[in-house]
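K.L.:
Sequence:
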Amino acid sequence: MENAIAAVFDHVNREEIVSHYGIKTEDLHYIGGFQNFIYEYQVDNKEYIMRFTPSAHRTLSEVQAELEWILYLADHGISVSSPVPSIHGKRTETTELEEMFFTAVVFDRAEGKKIDYPECLKDHELYERLGRLTGRMHALSKSYKPADAKIRRHHWSENYYLKNIDILPDSHTGVRERYLELVRSIQKLPISEDLFGLIHGDINNANYLVSEQDEITLFDFDEAQYSWFVEDIAIQLYYLVYVYGGEEGKKLREDQASRFMEPFLKGYREENQLEEHWLKQMPLFLRLRELIVYIGAFRNFEGDETFSHSDNQWFKDWIRESKIRLETGEPIVNIWGN
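Numbering of the sequence shown is given in the UniProt record's numbering, commencing with residue 1 and proceeding in unit increments.
Note that these hints are calculated values from the structure, not bench results.
Where is the CB? At the ideal position from N, CA and C, for every residue including glycine.
Pairs of lysine-lysine, PhoX-like flavour, derived with a Cα cap of 25 Å: (1) LYS280 / LYS251; (2) LYS251 / LYS323; (3) LYS114 / LYS266; (4) LYS113 / LYS46; (5) LYS280 / LYS142; (6) LYS150 / LYS163; (7) LYS122 / LYS266; (8) LYS90 / LYS150.
Taking CB as the label site, the calculated pair distances span: (9) PHE301 / GLU330: 20 to 30 Å; (10) ALA74 / GLU330: 37 to 47 Å; (11) PRO146 / GLU99: 22 to 32 Å; (12) TYR30 / GLY246: 27 to 37 Å; (13) HIS309 / VAL243: 18 to 28 Å; (14) VAL8 / GLU119: 32 to 42 Å; (15) THR94 / TYR30: 13 to 23 Å; (16) GLU330 / GLY22: 45 to 55 Å.
Construct the complete structure from the given sequences, taking the supplied hints into account.
P.N.:
Below is the structure:
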């Protein structure tokens, strides 16, 4: 699917679309992306990010809803990478082909440095600041109302990979069975504005930078969705513990989970309240995130379920261990005793 979209994107008249931002295609430098096509460019020593989103991934209204949410957070004191209007004053510009259309958006490039592994694994002050930021965002989510009820972000169950679990090889019957059980368990959870709202949906150390003044700037809201606030916390924890594998991995994951949760919750509770009961639901959302990441690993699947062609041993070990956890319904870590 993604290879087909990339083939279509090759035919996009990028010269026309970038002209709406006063630049030329030669100003763009491709920097990557999975579901979107991401470029960087510079004007007058200021750096920008341009993103092309295929309609097969997000509709125009979904992109517009994302930008509205980002601007709402910015207006209420959250440091984010904000959208930049085109020369026509529009937040989005589109280009259509016969197969699909692409929505272009430009963002200010975030300032600061990335806190990578292993530096991020014992930074308690960072965890507390992340907790404060997440708590503030969730508190704002409770009062946020889209300007147009028809322009909204998707529901958690409409995640691209959950909807496309058939990306997995046919042999993954155990994973599919557990997927259905997991979704049913999550759907039974109560919903209220104190528990459920618009979340970032993908906070990890690749999606924020930290300034010299220790301010966190958050970006990449492409996975913003309506879900339980606890999912936003589980996602952050997942990406800190999944780096540990092997026989000693479980103990290392538990240690890391404890190192993260205590300072994170200290910061979070300064901005928003979350009952202890909801922390006990973390294993459900850790399983959900692992499933999403696991399905994503097969997006360019070429028929080899063991990925023996890969020279990334960490990835192959993770695939093997992740499959076992998904088949048995075991969360990647559980320090909550349920």
